[in-house]
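Novice: Chains as they are written, first to last, in numbering that gives the first Met the number 0: chain C, 0 to 397; chain L, 0 to 397; chain X, 0 to 397; chain G, 0 to 397.
It is possible that part of the hints are untrue.
Identical copies carry no separate label here, and so any pair may be met within one copy or between two of them.
What the hints assert, rightly or not - The list that follows gives simulated cross-link-like pairs (lysine to any residue, SDA-like), each with its CA atoms no further than 20 Å apart:
hint : residue 1 : residue 2
1    : 9         : 53
2    : 278       : 181
3    : 356       : 250
4    : 278       : 252
5    : 70        : 358
6    : 9         : 38
7    : 9         : 64
8    : 9         : 161
9    : 225       : 194
Read the hints as simulated data drawn from the structure, not as lab findings.
There are 4 protein chains.
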Amino acid sequence: MSTNGALNRKLRMALVGGGRGAFIGRVHATAAVLDNRAALVAGALSSDPAKAKESAPDYDIPEDRAYGSYKELIEKELALPETERIDYISVATPNHTHFEIAKAAVEAGFNVVCDKPLTFDLAQAEELLKVVEGSDVVFAVTHNYTGNPLVRQARDMILGGELGEIQSVRVHYLQGWLRTRLELEGQKQSSWRTDPSKSGMAGCFGDIGTHAYNLARFMTGMIPEKISCHLKTFEEGRQLDDFGHALLHFDNGGLGTITASQISHGRENDLFIEIDGTKGALEWRQQDPNRMIYRENGKPHQIYYRDPNAPFASPNHAACCRTPSGHNEGYLEAFGNIYCAAFDAMIQRATGESFEKVNTLYPNVYDGVEGMFFITQCVSSSEEGGVWLPMKHPKARP
Amino acid sequence: MSTNGALNRKLRMALVGGGRGAFIGRVHATAAVLDNRAALVAGALSSDPAKAKESAPDYDIPEDRAYGSYKELIEKELALPETERIDYISVATPNHTHFEIAKAAVEAGFNVVCDKPLTFDLAQAEELLKVVEGSDVVFAVTHNYTGNPLVRQARDMILGGELGEIQSVRVHYLQGWLRTRLELEGQKQSSWRTDPSKSGMAGCFGDIGTHAYNLARFMTGMIPEKISCHLKTFEEGRQLDDFGHALLHFDNGGLGTITASQISHGRENDLFIEIDGTKGALEWRQQDPNRMIYRENGKPHQIYYRDPNAPFASPNHAACCRTPSGHNEGYLEAFGNIYCAAFDAMIQRATGESFEKVNTLYPNVYDGVEGMFFITQCVSSSEEGGVWLPMKHPKARP
Amino acid sequence: MSTNGALNRKLRMALVGGGRGAFIGRVHATAAVLDNRAALVAGALSSDPAKAKESAPDYDIPEDRAYGSYKELIEKELALPETERIDYISVATPNHTHFEIAKAAVEAGFNVVCDKPLTFDLAQAEELLKVVEGSDVVFAVTHNYTGNPLVRQARDMILGGELGEIQSVRVHYLQGWLRTRLELEGQKQSSWRTDPSKSGMAGCFGDIGTHAYNLARFMTGMIPEKISCHLKTFEEGRQLDDFGHALLHFDNGGLGTITASQISHGRENDLFIEIDGTKGALEWRQQDPNRMIYRENGKPHQIYYRDPNAPFASPNHAACCRTPSGHNEGYLEAFGNIYCAAFDAMIQRATGESFEKVNTLYPNVYDGVEGMFFITQCVSSSEEGGVWLPMKHPKARP
Amino acid sequence: MSTNGALNRKLRMALVGGGRGAFIGRVHATAAVLDNRAALVAGALSSDPAKAKESAPDYDIPEDRAYGSYKELIEKELALPETERIDYISVATPNHTHFEIAKAAVEAGFNVVCDKPLTFDLAQAEELLKVVEGSDVVFAVTHNYTGNPLVRQARDMILGGELGEIQSVRVHYLQGWLRTRLELEGQKQSSWRTDPSKSGMAGCFGDIGTHAYNLARFMTGMIPEKISCHLKTFEEGRQLDDFGHALLHFDNGGLGTITASQISHGRENDLFIEIDGTKGALEWRQQDPNRMIYRENGKPHQIYYRDPNAPFASPNHAACCRTPSGHNEGYLEAFGNIYCAAFDAMIQRATGESFEKVNTLYPNVYDGVEGMFFITQCVSSSEEGGVWLPMKHPKARP
């Protein structure tokens, strides 16, 4: 892996969220340091100050940088000399707290890596975007599945025209873990994700529908013109959707579909995408991430595999592999690849170089805003029986 | 395989259609006789009398029963003594001719096995249904995929309540062969299928969307309450849809989706169904027909396989296997299983027993009418931008 | 499918074996007539004359040609005028009876399609070969798996040099059905297969090891120089092997392995072959017969699929498909393809044309002898602790 | 993940090997710290002192602990106060140097994590074992594939008797990367691996055959009684084997086979194992590591999947998962799991607790010795035409 080059030191990370019982905080902490390009040096690991401090040893965060709140974190880190101060803050808290944390971090001049969805609602997202645009920070959003080498291969192929014009995109993201009212049993992950005061206006579509949408956007580069959506709550008494289906119309007449479910028995984390173009078609499945199937009429189907040394590997594929082919890379590595791309920008910023803010390889704040717009339009459309609503947000990346 | 029991002879079949260049006629002829329960003894193999007669030797049909038209076939067969006369007529012609042939056959008292979709339009289908209801004939429609042993296993499991309440049904039927304007090259299969004067009001959705719909209906037993559809014609200049997506609402709040494509590069004949219930979920893929995946949260995923001797094999599964497990059965056998179920009824009729006409194991004229209703509602919905239309036809089987 | 051309009639088949409780007889009867090129007109369906006659109606064999023994069959058929007389006899009886039946048939001038293994022991096989060589009959042996279109594709590719020099061949044939002493429960299939007086000197290796060997021979065209084998009987009290492993040395230094098992829990009929060449490598699995994986370093893996119209389909692949791609063909069709190739030769014989007897597309009596030699050498080698024995039989086809 | 408990600090790691151009050193460095239980603080990254020091920044090793040789490393680390001194040394150098480095480390009292195969030859391994037995160090060998959660599940099931008596074990480890003389092109990985002065007496069988053997040993717990092997060098001019096949006899009459190849086109890193027991059978494939297939006659095949929360997850499976099911874990995580198990023992040692040295969850020095014995017997057997040699080493773990 590339080191941090001109920066000549590791980037310093602070983690907000991730205290005991959390899931995604640990993932951020592990993925960010996977390549030895960053070190976790500070944290505000819980909104409960006592728990925040108790959790610090789990992450090897020294006591004096184990803060009781994100506010304390920002204040105290700003007070440190620049040579010790953190470079970025990773926000791994429930959705409803992203905005205030991320906004404060940006305003303090820290780079941010924020979990998805970006904020609690669209208004917050648009407000946050303004703040980011008024700053010079690097702002990444962890739509982590775009970090898979073969997702990047697919994108390179599609943007390079190999599939021709794209006419159908079908994305499924199927899980089964909310088939029962797990949230009634005090399971932390399900509790906040099914609570509209914490998760926002959408449940399943906010949590995983946004990943599905973002994956399609990333791989094809196409912005849908309009969207129609039907959300369902199949588990009685649950306050948010646990299933949904959206239809997308593209300018070229193409049709997209997104199905997301959290009530499909036995489905683990089954994110699956199929893309049909006039010249070729492909499919990729997150649970089998090291291969991708490419098809053309009249030719044998082709299985592309993760292989940094293969002649067929596109630049963005080859660049984000850590091991030779056949040595399975998965969830953590893909997550780490989002960090790596953001690190490159952070280093450019830190060393005074100019850096791309819109068309980044990593999902950024524009993608985050578009994700919130997606949620908003889906919920609005669904509430009105699936009415078509525009999907082109003025701030969507081109 | 069971023999023809009380009938104590083979059933006598006539084939209409299937002349040189045809595809499905040969399939009918082979599948029907697979178990030695029927013999092809007569035919009107083409609408062109000369070609009809020329094609007869390909099917080993004797010259004196190689008729120049279906009318001649019916007239001459009726004139034969009952001990020689055909028992049933298989209709394997382009869609626009099904009605007149089937109607004449029924009115003459012959059993009918008709290819799908049932007729050119819904009015014809409803008219034909009346004729059938006024008769005593057995009338089967070859939605052949329901003849797969594991499709029947799935149905037995679902109707038996093993999956609980069904909340999501997702069907995809993907092909790639019409990715180019094959119809301009004089290829017979594509020519009539893309011609609205022969195929009817729908292309892709008439040809394969109906199979997808029927499969969902057969496996779940559920009738959708309403439907919304978007059809597309991606190949410029083509007159009928070559892609489409329909959304189904069920009474219980469940949601169904049907995607059919003929423009997906490299997809051969990929009919795939996933069904989510409150207790379990399953998936089955036509191109891998001898297995079915069943999932329940917290348990290993289970691969059911075709095996007439397995303790887990449901009665309708076990009854339609011809070989032990691991001896791949496929398209022809499933097609043959539709015939077998229809044969059972024909024998009951011939031997004077009463027989079920509505809730049959084989797809019947009611299913055919519902298929035409599906096409009609899809096209109408699509023409009005995907408006929701009712999907419960008064004649749909319960 | 091609018709019988110059012969201008169906071939007439007699079946020996196949009475009630049998498995492979029905397969012969169905596969042989799949393309309407033959008709089953006579039979001696059981060694028990009463049962033989009782079983005839199951096959629609008229009473006057339902014979009580193969001897009667041959005698009476010879007495019929040539225009009615059978063309060939299919031998679908337990192994120990093949020799006398096949020999008598050949001596009477009838073509023969004999199940495998060819005979009870090698001496019989060599004797039978002499008889066949002294005759003008067509003699096929149903190593049915070589009838799969993609097996023939693989062979065409290998013999055409596309894989380069072959250095490793690995074949597995795994079943689980004899995991328990099924033979003690009166199950007919297991009873004779585990009885050395009926099955011959080998059990598992005679029944399925020979298929595995033949498949490797057919696909690669290479004759092993020597063989070392270890047979096992894992089920206590069983008299014949139910598991075994053989190692093959080829002249070019290449190594082959054959593993056959009837005691592998849950394995249905899992015949699997992998072939490594200097230029490319492939694998094919009988339970997924419509695809084959081909690999070359540095290129995406390629999935070849059964498709008579694909540009990549080799002549022998395209010629034996009955339906377009995606319409699963399986066990019966492959079995039927053995018959088709034999029919072509029978027609050549019947119409007085010369025909190939050694390098046939269908497995022939030379392959049958080689199969018996394989069994003999395996058992001998195993009895002596795996000693290496020569594997080139003087009569092996080149 | 569990933290370091009573130790209350990270373990301190030194890496020997891993300089620029290396592969496995980086893997050790990443896997060891994946859970924040250890930190890489020192290294002797190359046998070339200048290169060793140049490579240090890539690993974030401070200059003062970037040593020019392993001897310097040991000497200088011993001179540090115990509170700073490394806890263990990871040996990630070519095979011929393992012995001297590991021996010196053990003699200095450092724990060791050594790459496989353990040493250059068996004599060294046995000598090293004596040294380890005379010490109190933890000594792990990175047969990393045993760190996969489902490999441990399989072992738990087998040792718990769920599969009954094991009768057949089949392991394949197929790669294609040495299909050409890559070593002639100066590629570092291939150069030493094909050089008998660095790799030892075996090539393919030393590099990956040992993994295959160890996997079978770990999963079944069974020691083969004797072994017969055939090694091949298919690439002309290569000095070591690039392909081989070994046959194993077990005391209970069971048969094992190991096939390893580095010349199979397009095979990436395909380690695959099948195990047949009297009650059940399973298979696991390294390239699809998050699932395992379990089969029993008469039941649907079962796909076990990695899921720490599943009721079916065995203790050793659940304990080594980092993420929920469906979040692919792969090569690095499995490698890290070897470290984790070794860490537990290192902590026990460091805190004065007693700890298991023979029957460890991690592969240990006894497994390393057995691996060298395996290589030795394979090469000896192969040189004598596959003669059977004993496989029970007196020091093999029971």
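Novice: Look at each hint and say if it fits the structure.
Specialist: Hints, verified against the model:
1. 9 to 53: between (26 Å within a copy, 17 Å between copies)
2. 278 to 181: Intra 45 Å, inter 15 Å, cutoff 20 Å: inter-copy only.
3. 356 to 250: Answer is neither; intra-copy 25 Å and inter-copy 48 Å both fail.
4. 278 to 252: within (16 Å within a copy, 39 Å between copies)
5. 70 to 358: Intra 31 Å, inter 50 Å, cutoff 20 Å: neither.
6. 9 to 38: both (6 Å within a copy, 14 Å between copies)
7. 9 to 64: The answer is both: 17 Å in one copy and 17 Å across copies each meet 20 Å.
8. 9 to 161: neither (38 Å within a copy, 49 Å between copies)
9. 225 to 194: neither (28 Å within a copy, 31 Å between copies)
Against the hints set out earlier in the document, violations occur for numbers 3, 5, 8, 9.
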